[in-house]
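Novice: Given next are the chains, with one letter for each unit.
There are 2 protein chains.
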Amino acid sequence: MEADAVMIMDTLGRQAKAAAKAMRMADSKVKNDALMLAASWIRRESQEIISANVLDMKAADENGLDDAMKDRLLLNGDRIDAMAEGLAQIAALADPVGEIDHLRYRPSGIQVGHMRVPLGVIGIIYESRPNVTADAAGLCLKSGNAAILRGGSEAIHSNRAIAACLRRALVDSGLPQNAVQLVDSTDRALVGALLKSEQYVDVIIPRGGKSLIERVAAESRVPVIKHLDGICHVYIDASAKPAMALNIAVNAKTHRYGVCNAMETLLIHQAVHADVVCAVIQAMLDKGVEVRGCERTRAVCEGMDVKVAADEDWATEYLSPVLSVRIMDSLDAAVDHIAEYSSGHTESIVTENYEAGQRFLREVDSSSVMWNASTRFADGFEYGLGAEIGISTDRLHVRGPVGLEGLTSQKWIVLGNGQVRS
Amino acid sequence: MEADAVMIMDTLGRQAKAAAKAMRMADSKVKNDALMLAASWIRRESQEIISANVLDMKAADENGLDDAMKDRLLLNGDRIDAMAEGLAQIAALADPVGEIDHLRYRPSGIQVGHMRVPLGVIGIIYESRPNVTADAAGLCLKSGNAAILRGGSEAIHSNRAIAACLRRALVDSGLPQNAVQLVDSTDRALVGALLKSEQYVDVIIPRGGKSLIERVAAESRVPVIKHLDGICHVYIDASAKPAMALNIAVNAKTHRYGVCNAMETLLIHQAVHADVVCAVIQAMLDKGVEVRGCERTRAVCEGMDVKVAADEDWATEYLSPVLSVRIMDSLDAAVDHIAEYSSGHTESIVTENYEAGQRFLREVDSSSVMWNASTRFADGFEYGLGAEIGISTDRLHVRGPVGLEGLTSQKWIVLGNGQVRS
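Chains as they are written, first to last, in this note's numbering: chain H, 28 to 449; chain S, 28 to 449.
Since the hints were derived computationally from the structure, they do not count as laboratory data.
For glycine and all other residues, C-beta sits at the position ideal for the given N, C-alpha and C.
Watch out, some of these pointers could steer you wrong.
If you want the footprint, here are the derived chain H segments under chain S, 3+ residues with CB under 8 Å [unchecked claim]:
#, stretch
1, 116-123
2, 198-209
3, 213-224
4, 298-308
5, 407-415
Calculated pairs, BS3-like style, for lysine-lysine (alpha carbon to alpha carbon, straight line, at most 25 Å) [to be verified]:
#, chain 1, residue 1, chain 2, residue 2
6, S, 223, S, 253
7, H, 253, S, 314
8, S, 44, H, 223
9, S, 44, H, 253
10, S, 268, H, 223
11, S, 268, S, 223
12, H, 253, S, 97
13, S, 253, H, 44
Chain S is nowhere near these chain H residues, computed Cβ spacing over 12 Å in every case [as the list claims (entries may be wrong)]:
#, residue
14, 38
15, 250
16, 334
17, 346
18, 423
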């Protein structure tokens with residue numbers, strides 16, 4: 028079994044590497060044609076894709092998957108349309124490959140600069156949502172990489188149907204079909220083999236729940252761009268505008284609950300007026316959010332339904348209508364709290380005070396740090412990346428939302444007219 | 028023993044992480060002061076450092092180290108001066124930390140940009156040369172990181188004396204002395220423990236021979252920026268200027284032999300005139316270089332002392348006065364040869380032909396790709412980085428010479444005036 032997995036992955040890896048060589052040099056136009064063709068194949072084959080998805084949904088019922096998982100798994104006309112539209116949007120983005128920047132003369136007379144180049148072969152390991160098959164493949168294709176896709180076994184039929192559309196589009200546009208390969212088996216040993224394919228695969232991007240990502244990080248011999256949890260904070264400073272603070276806090280918590288850039292803990296400076304604190308908490312309660320406060324919060328909001336926050340609350344990503352609230356002595360205390368409990372995803376300060384805002388931007392060490400804006404903006408589309416393949420909570424290579432540029436690297440180029448070193 | 032190593036490394040890691048927090052926020056001026064102080068401590072303590080080095084040199088004799096290793100190990104007045112001067116040069120570089128770029132408005136009204144931030148804790152594992160202690164610590168300090176230095180056991184006394192100067196300078200300037208820590212033991216288990224300190228260490232940079240780097244890459248749980256061998260190529264195209272081709276080839280091979288950016292294989296287009304081919308080879312022979320040619324090369328240079336190149340020659344990093352030469356049918360064949368045998372370090376084309384040069388720049392996938400310049404320019408100083416901690420042959424995070432910027436990452440910053448997501 029293990030040996031089989033290694034052999035299968037070896038073949039996929041070798042094919043991907045060969046495809047990556049052609050992809051690296053592919054013209055923007057050819058890549059865009061392939062993306063547009065993939066979009067039209069997905070639209071044309073939507074009945075096939077839905078039939079495949081029906082098989083996955085049936086298996087999901089039989090295996091007793093919960094409703095949230097089934098919702099993520101489900102494909103319908105609208106979702107298939109959105110997938111095709113996503114590919115068209117990727118086609119419309121600027122091609123990062125080959126871009127040269129900072130070309131400058133050196134005292135030796137040579138010109139030195141950077142050229143943006145693809146990473147090579149990218150392994151994507153993901154769960155449930157079949158649309159990741161199209162999104163991830165599209166981003167890898169546009170950035171000149173080859174993709175090895177390993178979706179969840181619960182979505183194998185849907186993923187197969189979608190990947191077939193992409194591969195057909197690659198062939199139609201003269202690109203190697205192995206630039207997109209789906210690991211067409213539910214054997215878990217294949218994940219292990221993929222994580223050990225360092226001779227073929229340049230980076231692994233896991234997308235899914237915490238346990239998947241931790242397994243990948245622990246086992247992988249290939250570098251990983253990983254996205255762990257989002258324990259995001261909003262800090263209402265002493266000099267925040269009350270209405271703005273209320274708006275941002277409510278939006279950060281209640282705009283969507285199950286997303287990684289939702290606020291999980293609200294920190295409030297002790298000088299913020301009790302009326303403001305209570306108004307924010309009342310707004311949360313009105314939205315049906317369970318509020319868990321520190322002792323001071325509960326004292327300030329006496330008579331309101333504020334539960335007791337336990338220590339583990341500060342370290343919890345609820346992903347649900349629950350919010351922990353803590354009143355802080357100072358900006359320093361807030362920064363320290365964030366340093367201790369944040370997952371390094373996204374934090375926001377609400378303040379009109381220049382020094383407080385500047386310090387927060389500099390001192391908070393998260394992939395996104397905001398001033399007077401909702402944490403919900405931490406997103407590839409909102410940042411102008413056009414699309415995202417994930418949000419990196421790592422420090423190396425890329426932090427925060429990862430778009431096309433995150434799937435590339437830079438090589439040095441040197442232009443001379445005969446210079447030698449003396 | 029193993030358990031001891033883990034405990035020792037745990038302490039060093041915890042201390043480094045605490046120091047990194049202070050270093051991340053340190054002002055440029057304070058960091059520069061510390062670097063200048065370290066430079067003057069190194070000058071003031073040069074007798075102490077030389078005495079320590081004498082102990083290492085004695086042990087080297089006893090352990091039968093070869094002359095090349097002993098030369099790398101040796102410290103004298105000039106070398107100590109160069110170390111101090113290196114730190115002063117790092118102080119003079121621009122501070123990358125806190126630099127904000129590409130701040131731009133998005134349709135939502137938020138401004139989005141990048142702020143450059145330190146990586147955190149950097150582990151450096153190196154061999155022989157004690158000057159790496161000062162260079163690496165200086166670069167980590169300036170880029171706002173904390174360093175854990177693990178030098179070779181053969182240089183332990185020298186490294187200890189140098190690290191002491193750096194730590195004194197940190198204290199004198201009000202920075203945490205644990206921003207620079209030397210693993211003060213020759214126990215090899217400590218390297219293993221360092222490679223597994225992923226909870227404390229953000230990146231490992233190995234500097235040394237191939238076996239060290241391969242061990243680090245194989246064992247490390249921490250991301251590695253690695254520098255493998257340099258099998259560098261110069262390709263003389265059909266339309267190269269003969270005199271320029273000769274100059275570049277001779278410089279790339281003979282300027283220094285033992286360096287990673289020296290040429291190891293010379294590729295020549297078949298249309299290059301036999302007189303030019305022979306002139307280049309004669310120049311190499313005149314410099315005492317052993318030339319190993321393909322059959323066509325040997326036929327073109329009949330009567331000259333050209334040895335037979337075996338297949339393994341194309342894959343060999345000689346680091347010595349040996350050169351392999353191959354005549355190629357075409358640019359495509361040269362690009363393919365490089366794809367197959369290059370280590371992805373540095374390659375250069377010599378040509379006056381625009382299309383050939385452009386294609387070479389785009390199609391060759393190495394960390395530095397050059398047009399009409401000697402491969403010897405692949406160097407942090409020559410590229411304007413001011414200093415380098417190594418040359419990355421990896422694809423992720425940073426490729427080619429790694430300077431201060433390579434020791435940093437970027438976080439996103441968002442400036443708003445109350446924006447929420449709708």
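Novice: Compare the structure with each hint and give your call.
Specialist: Evaluation of the provided hints:
no. : hint           : result
1   : 116-123        : violated (count 0)
2   : 198-209        : violated (count 0)
3   : 213-224        : violated (count 0)
4   : 298-308        : violated (count 0)
5   : 407-415        : holds (count 3)
6   : S/223 to S/253 : 16 Å, holds
7   : H/253 to S/314 : 51 Å, violated
8   : S/44 to H/223  : 30 Å, violated
9   : S/44 to H/253  : 21 Å, holds
10  : S/268 to H/223 : 47 Å, violated
11  : S/268 to S/223 : 52 Å, violated
12  : H/253 to S/97  : 43 Å, violated
13  : S/253 to H/44  : 21 Å, holds
14  : 38             : 20 Å, holds
15  : 250            : 5 Å, violated
16  : 334            : 26 Å, holds
17  : 346            : 17 Å, holds
18  : 423            : 5 Å, violated
In summary, the numbered hints that this structure violates are 1, 2, 3, 4, 7, 8, 10, 11, 12, 15 and 18.
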